[in-house]
Structure formats: C-alpha cells, structure tokens
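*Asks:* Chain by chain, the residues run as shown.
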Amino acid sequence: MIKKLLPYIGEYKKQAILSPVTVIIEVIIEVFIPFLMAKIIDVGIKNGDIPYMFKIGGVMIVLALMSMTFSALAGRFAAVAATGFASNLRKKLFYKVSEFSFANLDRIPTASLITRLTTDVTNTQMSFMLIIRILVRAPFMMIMATSMAIAINARLSIVFLTSVPILAAAMTLIILLAFPRFKQMLTRYDKLNSLVQENLQAIRVVKAFVREDHEISKFSQAAKELRNYQQKAEKLVALNMPLMSLAIYACIMAICWRGGNLIIAGGMQTGELFSFISYVIQILMALVMISMVLVNIVLSKASAERIIEVLDEKIDITDEEADASLQVEDGSIIMDNVSFSYSKNPDNLTLQNISLTINSGETVGIIGGTGSAKTTLVQLIPRLYDVYSGTVKVGGHDVRNYQLTTLRNACSMVLQKNLLFSGTIRDNLRWGNPHATEEQMKAACQTACADEFIQKFEGGYDYLIEQGGVNVSGGQRQRLCIARALLKNPKIIILDDSTSAVDVATDTKIRNALRKELKATTKIIIAQRLSSIIEADKIIVMNEGQINDIGTHEQLLARNEIYKDIYFSQQKGVS
Amino acid sequence: MSNDKKPTNMGRPGMHALGKKEKPRDIKKTLKRIFSYTNEYKFRLTVIFFAVIVYASAGVAGTYMLKPLINNYIVPFIGKSDTDLSGFITMLLLMAAVYLLGVIAILTATRLMVGVSTGTLLKIRLDLFAAMEKLPLKYHDNHTQGELMSRFTNDVDALRDMISQGIIQLINAGLTVISIFIVMLVLSPVLTALMLVMLLIMIQIIKFIGKRSRNYFVKQQNALGKLNGYIEEIIEGQKVVKVFCYEQNSKESFNERNEVLRKSAAGAYTFANILMPIMGNLSYINFAITAAIGGMLVVFGRLDIGTIGAYLQYTRSFSQPLTQASGIFNAVLSALAGAERIFAVIDEEPETDDGDITLVNAEFDEAGQITESSCRTGLWAWKQIKENNEAFLTPLRGDVRFIDAYFSYDGEHNVLKNIDLYAKPGQKIALVGSTGAGKTTITNLLTRFYDLDQGKILYDGINIKRIKKDDLRHSLAMVLQDTHLFTGTVMENIRYGRLSAGDDEVITAARRANADFFISHLPQGYQTVITADGANLSQGQRQLLAIARAAVADPPVLILDEATSSIDTRTEALIEQGMNDLMLGRTVFVIAHRLSTVRNAAAIIVLENGQIIERGSHNELLALQARYYQLYTGMFELT
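Line order of the protein sequences matches chains R and C.
Heads up: the first sequence begins at 1 in the working numbering, then just goes up one per residue.
Heads up: the second sequence begins at 1 in the working numbering, then just goes up one per residue.
Heads up, some of the hints might be wrong.
[Claimed, not checked] Quick list of in silico lysine-lysine cross-link-like pairs, DSBU-like style, CA-CA up to 35 Å:
1) 314(R) to 393(R)
2) 3(R) to 344(R)
3) 32(C) to 235(R)
4) 14(R) to 138(C)
5) 28(C) to 211(C)
6) 226(C) to 251(C)
7) 393(R) to 218(R)
8) 134(C) to 218(R)
9) 91(R) to 123(C)
10) 301(R) to 3(R)
11) 251(C) to 91(R)
12) 301(R) to 91(R)
13) 383(C) to 134(C)
14) 67(C) to 28(C)
15) 32(C) to 39(R)
16) 456(C) to 386(C)
17) 191(R) to 226(C)
18) 251(C) to 14(R)
19) 469(C) to 218(R)
20) 469(C) to 224(R)
21) 46(R) to 67(C)
22) 123(C) to 191(R)
23) 232(R) to 123(C)
24) 314(R) to 4(R)
25) 138(C) to 191(R)
26) 29(C) to 224(R)
27) 191(R) to 91(R)
28) 32(C) to 251(C)
29) 29(C) to 134(C)
30) 207(C) to 13(R)
31) 417(C) to 417(R)
32) 42(C) to 183(R)
33) 263(C) to 226(C)
[As the list claims (entries may be wrong)] Quick list of the computed label-pair ranges, beta carbon to beta carbon:
34) 392(C) to 190(R): 49 to 57 Å
35) 259(C) to 346(R): 28 to 36 Å
36) 179(R) to 181(C): 36 to 44 Å
37) 356(C) to 179(R): 50 to 58 Å
38) 519(R) to 511(C): 27 to 35 Å
39) 520(R) to 585(C): 55 to 63 Å
40) 259(C) to 298(R): 29 to 37 Å
Worth flagging that the hints you see were computed from the coordinates, not collected in a lab.
Using N, Cα and C, we set each Cβ at its ideal position, and we do this for glycine too.
The whole structure should be built from the sequences, with the hints applied where relevant.
*Replies:* Structure representation (structure tokens):
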C-alpha cells in the first residue's frame, strides 16, 4: 500500500526527507536539555556556583533556540510535504477519473468517488504528516531518552524496561478490543447519516403524508443505537488516560524507591533522580504518541485502500487501437450483429444481435417500453460503452478506430440524465465549442428554442446557472443542453428523451428547427411521446434488448403490434 | 431533483456552509446552551468535576512530595550505614496513596464522561432532527441539503470531540496551572512575577501564531470548499464531461483550485505544527532565565538556593498543560461555532399551525345524522368545536375552491395571480400549462406547504387555514414526479401511505397500482430491501410504488403531480385502469404534460404565467380553439 502511494510525493521529496531529518536533529538537541537542567540543579545550585548557572543557562537557551528552529523547520517541511503529497494524489485521482469510461463510472458510485477525492485524501494527508513527523519523532525520542536514562543510571533502567512493555501491551489490547467496537459504531453512524439524508431529500413526501413524528421516532431509535455503540467503544478508550497516569505514577514510585536507595548508598545524585524521572516520562509519552498515531493510521488505512482502488481501476475504453489521422467523414451508422452486456456476461445480454443501417442525414426515432435498452443502444455510437460482440461503424469506420475525442466531437449526445454546471449560460454553452461566437451561440439557442427564455433572464446569456442547474426549470435545462450539444456542429446528434419536460408545442418547434437547420446531420431521437418521432425517416421499435421492427410510421402502424399499442395508448379518446 | 417546482427567481443562499466563520459569536451563551443539555447529568458532572480536581491536585501533590521525600528521608542518610528507612517508606506509601487516588479519580471521571458526552450528543441530535422535520418547506427550499447535512455531520462531530475529550483536558490543564501557580507564588513572589512576564510573552506568541494559523485555516476551508464543490460537480457530471470531451478543460480548472488549496493548507499546517514545539522550547528558555535570575537573587541574598531548586521543578511542569490547552483551544472554538450553527437550526421558526378543525372518522347513525366514529369507516368528517364546546361535524366531501388567490415565493414576483378555481367532490381536475406556469404551486398551496398572500382556499366550505395542517394533509395524498423511497422493504415503503395498513391491504393497493407484477419479480418480493433512495429500481418502478403508496393511504383527495411522466405510455395505459379505479369517487388534481392523460378530466385548467387562461372540459376547450387547442393539436399535428 505504502509502495503504491509513495511515488505521489513527487516534487516534494526534498521536504519529505528533510522533515524527518530536522525532527531527528531537534530530538537530539531536546534530549540534552533535561540533562542541562539537572546540571543547573545538581551542580550550580548545590554548589552555589552562579557563573556556572549562567553558563549552563546560556547553553540551554542556545540549544532551546536551535531546537525551536529545527522544530519549526520540521513543521514547515512536514506541512509542505504532506499537503503537496495530498495535492499530487488528488490530481492523479482526478485525472484517473477523467479517463474513466461509462462502465468504470457505473462500477464505483458517484458519491463514493467524491468521498475518495475529498475525505479520503484528507485522511491520507493527515496520516502522511503524522508518519513523517510523529512516527519519526516518538520512536527516536524513546531511543534517545532510553540511552540518556541508561547513561545516568543503568541499574535504574530496569524500571522502564519493565514498564514500557507492560504499558505497550495494555494499550495494544485496548486498541484491539476497541477497534471492532468502533467499526460497529461507524456502521451505525453511517446509517444515521443516510437516514438524515433520506429525510432531507424526501421532505415533501414526509410532510405530505404527515410522517414527521414517524420519522422522528425512527431517527430517535437509530440515534440511541448509535449512542450505545459509541458508549461501548469510548468506554474502552477512556481507559487510556488513567492507564497512562498509572504507568507514570508507578514508574515515579519505583524510581524513587530504587533511586532513593541508590542515593543513600552513594550510587546516584538527587538531580540525576529528577532527570531520570523526566526521561522516563518522555519515554512513556512517546509510547502514547506512537499508539495514537498507529490508531489513526489504522483508521485511515481504509481511506488509502479506497484511493488505491480508484488508481488501480482498469480503464476499459482507451485510444489504443485508434488512428489519430482518422476523421469522421459523415453521419452514417452501421451496426452489425451487435450484442452488449453491462456485466460482460454472455448470459446477461442487454442488447442482442442488433443490426441496422442509418444513412447520413437521416432522422431516426427510437421507441420502446421502459427497459427495452433504447439508451444502451445509442450509447454505443459515441463509444460510451464497448460492444460485447459485433461492430459499430460510424462514417464507415469501426468506432474503435477513431480517437475518442474525434468520435465524440462528431457524435453529439444529449444524455437523458443531463446536467448544467455552475457558471453563466455562456460558459455552459461553450462546453459544446470553446470558440463559439455570439452568433453561433444565439443560432444554436434559437434552434433549441432556448434563446427566447434566455433573453428574459437577468443578464441574458450572462445569467448565472447554479450547480446542477437548479435555478432553471427542467424544460429550460433540457433546451440549454440541446443547444450545448448543437454547438459542436456534429455529424450525428442523439437526443435521449431530451424534451420530456418541454411542452408539446415547443417540442414540435425544436424538431422542426432541427430538421431545417441540420440537414446533413444524422438525428437520432429517443422519445416516450410518439409525436416526437412520428415524422422520422425511420422508426426503430425496441423490445427487450432486440430490434422488434424498423419502418416508417405508416408501415409500423400497419404491421407492428407494439407500435400500434403505443400509438393507441397515446391516441385514445381522440375522435 | 424537483427543479420544475423550484421558483426560479428565489435568492438561494446556497453556499452558506462555505466561507463559514470559525469563530463563535457568543461563547458564553453557546456554552450555557450546551450545558442546558446536561441537566439530567448534573450529579455526574459534579462528580466528574471533583474527580478532575482530585486528579489534578494528586499530580501536583505528588510532585510536591518529592522534595521532602528526598530532602528529609534520603539526603540525611547518604553515606550512612545504619539507615532507618521506615520514614522513607511511610512517605513513599503516602505518595502511592495520593497517586492511586489520582488514578481512581481520573478513571471515574473519564468513564462517567463517556456517558455524559454520548447522552448530551444524543439529546442534541434528537433536537436537531426534530427541528429539521418541523421546519416549513420554505426553509428546505431555501437551503441546500448539504448545508443541513453538514449540521448533522461536521458540526455534531466537532461538538463530540470537544465534549468527550476537550472538557476534561481543559479543566485538568486549568486546575494544574492554577495550583502550580499558587505553589510558585508561595515559594517566590519575585520569581513568579518574572514567570508572569514570560507567560505574557507566551500568550502573545500563541495569539500571534493562533491568528496566523486561523487565517490560513479559514483560507484553507474556503479553498477546500471550492475544490470539493468543483470535484462534486464534475464527478457528478462526469458522463457529460465524457460526451463533450471536456476532460482537458476540467483538469485545468481542477489544477488551479487544487494549487490554491495546497498553498493555503501548507500554511495552515505549518502554523499548527510549530505551535507546540515553540511553546515547549520557550518553557526551556524560561527555565534557563529563571535559573540565571534566581542565581543572581541568591548572590544578592534575596533567595535561598533550595527554593530555586524547587521553583525550577515547577517551572517545568507549568508550561506543559498550557501548551496542551493552546492546542485544543482552536478545536473548542470551532466546536462552539458549530454548536451555534446547530442551535440556529433548532431555533428556526417551525412550521406553524393555528388550525383547530380536525379530521375524524365518521358514520351515519340510524337517524341519518353524521356522528364521530372511533374506528375506520371509510367516511370522514371535519370536526369543529363550537364556542359552547359542542362538536360540529361537516362531512368530508372533497369540495375544493380557490378564491381570488395570489401568491409569490419571494414577496415580489407573483407566481399565481387572481386564481379562481373549483373542484366539486369526485371531480377530476387537470392542470395544464408549460413549465413554470404555476401548476405545482397550486398543489403547494392546497397542502399548505406555502400560504397564500391574498385570497382564500375553501375545503368543503372551510377556509383551509382553520384546518389543522396534519389533518388537512391526511385528507390529501400526493404522488410526485420525483419519487422518494426510504431505506426499508418494499412493503414498508408502500405502507408509508398508511402505517396501520396490514400486509394484505398493502398488496391490494399494489395490485390496484399495477405494481404487484414487478414487485413479485424482485428477488425477495415485497420483502426486498430498497437502498439509497431506490437506486436499484427504475424511475417507472419507483413511480408505481409511489402510486401504490397513495392507494394504500386511501384519501378523499388525490394530487397527481406528473405522476406518470417517467412511465412509458404502454405501461401507463396498463396502470391507467388501476388509477381510474383509484380515482373513482375522489376529487383528483392531475398535473400533466401528456395531454392524453387529462382528456377525461371533468375540467381542464390551462395556466400561463400564473394565471388561468382557459377552463373547461376537453371538448369545450377544443371548441374554443385557443391555447389548449393549440397544445393538443400540436401533439397530433401530423396525424
């Protein structure tokens, strides 16, 4: 795991190395200070030697200033290295996700991906900083303090040589016992949060059915459960502080007893006793630090694993076989015996044996029930997914031969689940073409019947869209998305149920405009409303992943049962 | 998201949560408020407080006893052979007793604290959630989900850290500092004055670094908010990014924000990292200066050498809790700021309800008089208590009238103007119009999610403002365009419509909505657990569940807001039978884009820009040859 993440230190390698180095220098200096303090008491004060006290005091101040400088440097280096590491990691993750195909995106849920780029990176950054600072400092401090203590009195060192393992064992035991309890607690915590989230999303439903009290009692139950688990986990952890105090006190007592006897026997100075105590406290404190850092690392291990999972995700659609010089010549589409499965499982095919030919410039309607794989079918055209078997040809070439950018710029698709991004309307439209002129934008918006309402907005094309496009209506959003797609000036445009929130009259207007303005462009329209596709050159009737029929409206109405059904379900009551 | 319903011109504060101030506004008030949550733990808190006092004093006393231990029982015996160690042992045992007392005290305090802190948090969480549930819809519409969510996660978490760890540490540090200070003052007032000067310098340094650090942390928080917002937006729209080959642009924008965050985070962590070591080393300098000045005082005969020795020991243990406290101080401040935000939500005005007319089950007695019934009769009545305490029942029929209604979301732009409409009992009324015409607003007003600015709505002749909101809503069932499901089984989700419904009633309702077919094909049928708002179901299936939910609620008035918009027309035709069955004998408001679903309505109301422009039956409106005619023929222009 460490091996996989280590390379992301990148240009911050210098700081990542200097941080532990300066920490070690700081520790060496700092360890000497109690020794000097002991000298001031034992030699200076005992002998009333004021010049000596001044001298050692001076040395001490110099050392403290040096230690301060090095610790400040260490802090700075660690901060730069850790945040730099996190920034590199985040960047790599973002780049990786940018390469993700639709299949990759389907595999890892969006919310989870976001958590990995945000919270998980922050956790890993924290752990990294703890490792290069504390996890270097504490063990080194233990070693140094131990050697100093042994130097003062080897026979007394038996005290911490026994207490340290005991304390370490006790703390490990607490961690081991607490860990599963914390895990249980976190599950309850997630449950509680998803309950809140759910309620925020569905507040209208809750209120409409007057279920506030019902939800409150549900929440109260979950919150109480969380409390119980929290209590169980924290009660164990709460033992740490008393245990630590017990260890320190026990050591002081033991040192006083053994040390007292030694002093009486003339084997030790009183000042040395105090120094010894402070070294032992330093050792025990270092131990506590190590245990705290280890807990933190173990807890954030899951974060690192989730990050690595993203980094290791195999991208399944790449430019590998592409020919960079190949351009999309026209908007013709040929599918030859295409089958497709989301799970890449031949027994679970979403599309089966699809063969069809669409000529450049044609208008094609696709209709079929929910789940008949209409969307799946069109997503193969801009190669958002790869076929399981068979071939998809656009402009006479297999889609896998084009570079993705070339192909997708030629095939504009308005997704069913479409989004606008925060920024002005102009910014959003420029997604289609970053160099679009005012005239081009206006023309595209007119075709998509969007210009009219944009003009009514405050600021017109400079009107600020909020994240997710929540401040325009569903119908307006769909029209903006169509305009954005048109700006690509594509060879093929695919509208996947893109006018469902637009009223019928506007829908008709958009279709007429498309027909008039985009003569050479192949237009593929998926719709629920029959009226949206009725005048298409070809209508494809989909049923359960297969093409049921292809024909014009008249042909289908005469021969196709499904089509007739749909037609009459929408026609009923019209005389 | 229910974007169609969101008024487009409302000033949404939205990003409140970002750029938030980390400084609490009124520390005293907030602390008091937090303490009010610990009322039932008063006894335990007192015990904790005294236990911490015992612990802190035991620590100080133990250190204090070291001096006599060594001076009185060790030093006199140095080099002597006949040592009487009994005094030494007694002293040592006394020390052990003091220390043991300290350990027991801290054990008691920390264990008790777990109960207090988790209990307090539980109470705060419950209050927060209850407040959130009772907030008017207007509040929810004006605040992002993320904002309220962050009250439950970030703010409660920060508070948890403060209560469970901060309090004991702060009390302990404070007590230790105070007791050591007293001892030091007794030992040497002169040196203590010096100490105070050093202390002032240290506090200035903490303040200086703390301010810098806070500035950077605020910057970092802002940068993090911006970057995370960007990540969220782009990853959510990653499929759109792919379709538009926008990867390169998004990478550039990302890098910009990422770099801003890196710089501010590096600054913030630098200051956070150096605070503790600087304080620690300052205490060494303090020690050296004290030793030197103490030495000079000895030369001038102002101080004896023994006192300096003892004094110096305390100098060392004085700064440690101070440094510790400065470390958690920032955490405490941001926890208090979070607590203020939590309390602000709790203090929000809840949805008010001044109605006094209630909905009761009713039946006709032998005399044909309507009377209240204690069990479900399928017949309802509005119960009004007259001044003479007499109950007056009006049978619930489902007669709804809007009289000259005006409404605006923001107080400026009228979304509805001069609305007059009526639905007679059992009539199906269709609302037709382009998006933003005000269709959904009408249902928002009928359910009293929002209140009218002018005019009134009568329900069976009663002004709906006089009806208790809960009862009003009980009499209506809504099926919304966006179906929201809850974690739980399919059965539980349908039962949401009426909690008292038995399994067979749920299944009957599902059959009526034609949902039974797909449910029985789910892995565990009705017991299939729905997760994450029903992500494993198609939009159409979710809508079927919502319709079943309304069916089980069995209310006299139904509101279908684009209820079948995500169902393909064939499936829609299939459930239409069930829907018609469901609508029989009820007043129904239907909002639809698809005109095919509204044809058989008793009256079709065409809305435009918040006004009713046409009203009539399908045939009447067609004959009128106006807007409805245009819409309708637009749909079938080629047939």
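*Asks:* Against each hint, give a clear statement of whether it holds in the structure.
*Replies:* Going down the list of hints, with the structure as the test:
no. : hint                         : verdict
1   : 314(R) to 393(R)             : holds, 25 Å
2   : 3(R) to 344(R)               : holds, 32 Å
3   : 32(C) to 235(R)              : holds, 26 Å
4   : 14(R) to 138(C)              : violated, 54 Å
5   : 28(C) to 211(C)              : holds, 21 Å
6   : 226(C) to 251(C)             : holds, 15 Å
7   : 393(R) to 218(R)             : violated, 54 Å
8   : 134(C) to 218(R)             : holds, 15 Å
9   : 91(R) to 123(C)              : violated, 41 Å
10  : 301(R) to 3(R)               : holds, 14 Å
11  : 251(C) to 91(R)              : holds, 8 Å
12  : 301(R) to 91(R)              : holds, 20 Å
13  : 383(C) to 134(C)             : holds, 24 Å
14  : 67(C) to 28(C)               : violated, 41 Å
15  : 32(C) to 39(R)               : violated, 49 Å
16  : 456(C) to 386(C)             : holds, 22 Å
17  : 191(R) to 226(C)             : holds, 27 Å
18  : 251(C) to 14(R)              : holds, 26 Å
19  : 469(C) to 218(R)             : holds, 22 Å
20  : 469(C) to 224(R)             : holds, 29 Å
21  : 46(R) to 67(C)               : holds, 14 Å
22  : 123(C) to 191(R)             : holds, 18 Å
23  : 232(R) to 123(C)             : holds, 18 Å
24  : 314(R) to 4(R)               : holds, 15 Å
25  : 138(C) to 191(R)             : holds, 27 Å
26  : 29(C) to 224(R)              : holds, 27 Å
27  : 191(R) to 91(R)              : holds, 31 Å
28  : 32(C) to 251(C)              : violated, 48 Å
29  : 29(C) to 134(C)              : holds, 24 Å
30  : 207(C) to 13(R)              : holds, 32 Å
31  : 417(C) to 417(R)             : holds, 33 Å
32  : 42(C) to 183(R)              : holds, 31 Å
33  : 263(C) to 226(C)             : holds, 14 Å
34  : 392(C) to 190(R): 49 to 57 Å : holds, 51 Å
35  : 259(C) to 346(R): 28 to 36 Å : violated, 47 Å
36  : 179(R) to 181(C): 36 to 44 Å : holds, 40 Å
37  : 356(C) to 179(R): 50 to 58 Å : holds, 56 Å
38  : 519(R) to 511(C): 27 to 35 Å : violated, 51 Å
39  : 520(R) to 585(C): 55 to 63 Å : holds, 56 Å
40  : 259(C) to 298(R): 29 to 37 Å : holds, 31 Å
Checked against the numbered hints listed earlier, the structure breaks hints 4, 7, 9, 14, 15, 28, 35, 38; every other hint is satisfied.
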